[in-house]
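Q: Read top to bottom, the protein sequences are chains E and W.
The numbering of the first sequence is this note's numbering, which starts it at 22 and goes up by one.
The numbering of the second sequence is this note's numbering, which starts it at 279 and goes up by one.
FYI, nobody ran anything at the bench for these hints, they're computed from the structure.
Quick reminder that beta carbons are idealized off the backbone N, C-alpha and C, glycines included.
Incorrect hints may appear among the rest.
[Said to hold, decoys possible] Now the in silico label distances, taken between C-beta atoms and shown as ranges:
1. G1072(W) x E74(E): 54 to 64 Å
2. I495(W) x E51(E): 33 to 43 Å
3. Q50(E) x P1062(W): 37 to 47 Å
4. E51(E) x Y1046(W): 35 to 45 Å
[Claimed, not checked] Here are the simulated BS3-like cross-link-like pairs (lysine-lysine), alpha carbons at most 25 Å apart as the crow flies:
5. K558(W) x K995(W)
6. K62(E) x K1079(W)
7. K62(E) x K1077(W)
8. K897(W) x K62(E)
9. K1000(W) x K1060(W)
10. K32(E) x K81(E)
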Amino acid sequence: MSHDSTSTEDKLIRMANQIATFFESQPEQERIDGVAGHINKFWEPRMRRQFFELVDNGAKGFHPLVLNAAQRIRRPAPAQAGHG
Amino acid sequence: MSLIHEIDYGTPASTAETMVTLTIDGRDISVPSGTSIMRASMEAGIQVPKLCATDMVDAFGSCRLCLVEIEGRNGTPASCTTPVAPGMVVHTQTGRLKDIRRGVMELYISDHPLDCLTCAANGDCELQDMAGAVGLRDVRYGYEGDNHVRARNNGDINAKWMPKDESNPYFTYDPAKCIVCSRCVRACEEVQGTFALTIEGRGFGSRVSPGMHEHFIESECVSCGACVQACPTATLTEKSVIEIGQPEHSLVTTCAYCGVGCSFKAEMRGEELVRMVPWKDGKANRGHSCVKGRFAYGYSMHKDRILNPMIREKISDPWREVTWEEAYAHVASEFRRLQYQYGRDAVGGITSSRCTNEETYLVQKLVRAGFGNNNVDTCARVCHSPTGYGLGQAFGTSAGTQDFDSVEHSDVVVVIGANPTDGHPVFGSRLKKRLRQGAKLIVIDPRRTDLVKSPHVEAAYHLALKPGTNVAMMTALAHVIVTEGLADEQFIRERCDWSEFEDWAGFVAEERHSPEAVETLTGVPAHLVRGAARLFATGGNGAIYYGLGVTEHSQGSTTVMAIANLAMVTGNIGRPGVGVNPLRGQNNVQGSCDMGSFPHELPGYRHVADDATREIFEKMWGVTLSSEPGLRINNMLDAAVDGTFKGLYIQGEDILQSDPDTRHVAAGLAAMECVVVQDLFLNETANYAHVFLPGSTFLEKDGTFTNAERRINRVRKVMTPKNGYADWEVTQNLAQAMGLAWNYAHPSEIMDEIAATTPSFALVSYDYLDRMGSVQWPCNEKTPQGSPIMHIDGFVRGKGKFIRTEYVATDERTGARFPLLLTTGRILSQYNVGAQTRRTDNVVWHEEDRLEVHPHDAELRGIRDGDWVRLASRSGDTTLRALITDRVAPGVVYTTFHHPTTQANVITTDFSDWATNCPEYKVTAVQISPSNGPSEWQVEYDEQARRSRRIAGKLEAAE
């Protein structure tokens, strides 16, 4: 049977949306900082880099709260390139 | 070094506070009231002869050997059943007593074999000791009369004789040597709580009987070993003692199975382990054990152990044995190459929750100081990471609030998503003991676990909810408590943030959270939820115990918060008998989290972005540390598939078998260029490894494990590592090969570094642990004795935080294609992925994983008990045999995952907890259908695994 594989981008969107879904239920003043704080705290730079690539290119499927929080998510330094 | 002899006081200690003074054989002694004369005597150093008494069970008064004379009282009362009284004057040795005791011993010995020299208990036999103690010189009755000793009496068949029962793989029962003291029967009842043993017959015909005159293996016996420990003769004896002989020295160490962390005496003869005996002073287990810790250590000497380092270029090549130096140099140059070629963040490590704190600390240090990134994670990712997050948010610490002794003070116990009698058996026994004393039980679990109803234990409420609806259930319980005015307002005002409470109370009070409203989600009748909530809120000390059935969901962290809310709203925090108690899975998963195994945290749960914390370690290690969080295990695998993550050092974890969505894990591993596995065996992950570094067992090294109650226990080396090196040495040598100037001579020096850098461990050292036995962190200037109960006068974070917990249905939903919900769990005799227990005789209890199916679902699909069934989800499919049972509800199927061939994780999906990415193992939409045998994937997998385990120049290893 075929394996319904999910791309890393799709997973990032889903993870961000899950975080937003939790904070959406919290008191209003905590929502945006909640989402941004959580992603800042737990997402490795390349994940945030991928996240911003998606946001900056207007990727579809993000929860509105994620997009509202995006400004407060730290933009990581550009990827440290390898020599390969 | 010599054998540790524990004093047997004959009867359990009294917990009374009033002291009573009496005179025994001319010596004055003060003991707590309620103490038996026997125990008081032993405390005064006078050993009254005894056979049926032992301090692990209550006094019984049957052997008539422990008689004493009391001035002013008639007769010769038994010292075990007679409590002390003020001013009592006791004589333990008089002419009359001597005569009676000798007479009793004559009767015992007249029906006992006289094969002392060849008996396995020789040197450890209480009957022999008592014969000596009472001065037995002659048996006037002779040995020819009615007896249980000989198969034939003068050629005639002796109907009273019974052959030895050797059915249990670990111990034998020889009825010919039994003195019917009932110690085994009482140990099974009082300590283990299984009630598998009884005395059948009466008078001279009395015999110990497992079940209804069955063999041990066919009875309800769970092989915990309590009866063997209790037996004063060779009637119940470890087979290892029969084979090897009596041990000559012992060391106290800590079990390497589950998160209970039982203390054992490893009893040795030279470097040969004779047996593991639970240590009475062990504060987690109080002298009890389960079949795994007590008996299932044979894996450590198993022929499958790999003892030489190996490397290979491609995973399709056979392994090539190399020297340690070659292996270290290869890993160092490969990791250097990968970082040069793909960037500093292209490599990482996984610490082991099976290894010691010291070893875990070194692996995260290697990643942070050596690799220069924070790409380190541990198996807690897939089990209790939501506990760390949820409790950290609510209370301010990422750990349980109590010690295990606390359960002795509980009045109402909630067990949610945990099956302690299988998963945490020794705690399960301690809980059952409290329940038999009258504490009430609420079980929240989709499946009817043994706790719901077993001998002398019955749950007041079993809320058999639909998998995935924990948050709805917990919020509904809170709804009842808040709306019916059952909240502990005084506690909340004193300890918690009142405005957050008000916000939360308003939220849970909404009608949509009422038991009636959520009934359609959870499937649990509302009146049961209301009853359970009222019981918990009003029943006295309320304690919540939970396991992976809480955390391994897409809302795992939310459920943990809901549990914290429930404890706070009822004021059940900060004293014995209450609290929030995560039952941690692996022996050192608490410790591996404490030691900074998470990619966002340095040791002591301090975020990598915290400058002050980084500075402490930067100074100590002489490096600059990254302030950015690293990748979690699943993120590493995603990045590997994407081509940005290339090298992984895995110490003691089998991610291919234990992590969800096997195909994705395999794809991630296959995409890496250097996978280093350090383990005892060629585990499943090693199928995808390029370097194999042999690991060592807990018997072969010094260190510490931290159990579920935050208890730091010593692990002591009792034998030389078969592979040559303890795991901490391997990591250190690897670090040195990578150019790091590490030079630890002993794990105690690593602990000193941990204590110097981590405030909650400030006072911990090996000397201190040797002195204290064990301590529970925080252990520092403020709490030098450690902290059995946390949050006593206030929460670590200041005010307790109530957090709204909105139920969100998981995306994993049943539908026409996959109409059933699969949930997973454990069984007593096997442990986790089975790497250890499958290599012991424990396989006699569970040789394969079975799929539990409700009769209704089975009939609908034409599946009979024992049939092969195909189990399919959107991730993949596998086959296993069905077990038809109504323990699961219609619509729910259940399996364990102890055998690699089952491939249960081919089925599980990539959904995970919103906060921590802890996988959603506990809910997968599946379909089942009759099948002829293994799936294509299983066949392919087996073939790949077989090829992958080839070692050049050696015959193929068979498992």
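Q: The structure should be examined with respect to each hint, and the outcome stated for every one.
A: Consistency of the hints with the structure:
1. G1072(W) x E74(E): 54 to 64 Å: Violated, since G1072(W) and E74(E) (Cβ atoms, about 45 Å apart) do not stay within the stated range.
2. I495(W) x E51(E): 33 to 43 Å: Roughly 58 Å apart at Cβ, these two residues miss the hinted range, so it is violated.
3. Q50(E) x P1062(W): 37 to 47 Å: Once the Cβ atoms are compared, 41 Å apart, the range 37 to 47 Å for P1062(W) and Q50(E) holds.
4. E51(E) x Y1046(W): 35 to 45 Å: Distance hint for E51(E), Y1046(W) holds at roughly 42 Å.
5. K558(W) x K995(W): holds, 20 Å
6. K62(E) x K1079(W): holds, 20 Å
7. K62(E) x K1077(W): The given pair, whose Cα atoms are some 22 Å apart, holds under the 25 Å limit.
8. K897(W) x K62(E): Satisfied, since the Cα-Cα distance of roughly 24 Å is no more than 25 Å.
9. K1000(W) x K1060(W): It is violated: about 42 Å lies between the C-alpha atoms, which goes past 25 Å.
10. K32(E) x K81(E): Since the Cα atoms of K32(E) and K81(E) sit roughly 13 Å apart, the hinted pair holds (cutoff 25 Å).
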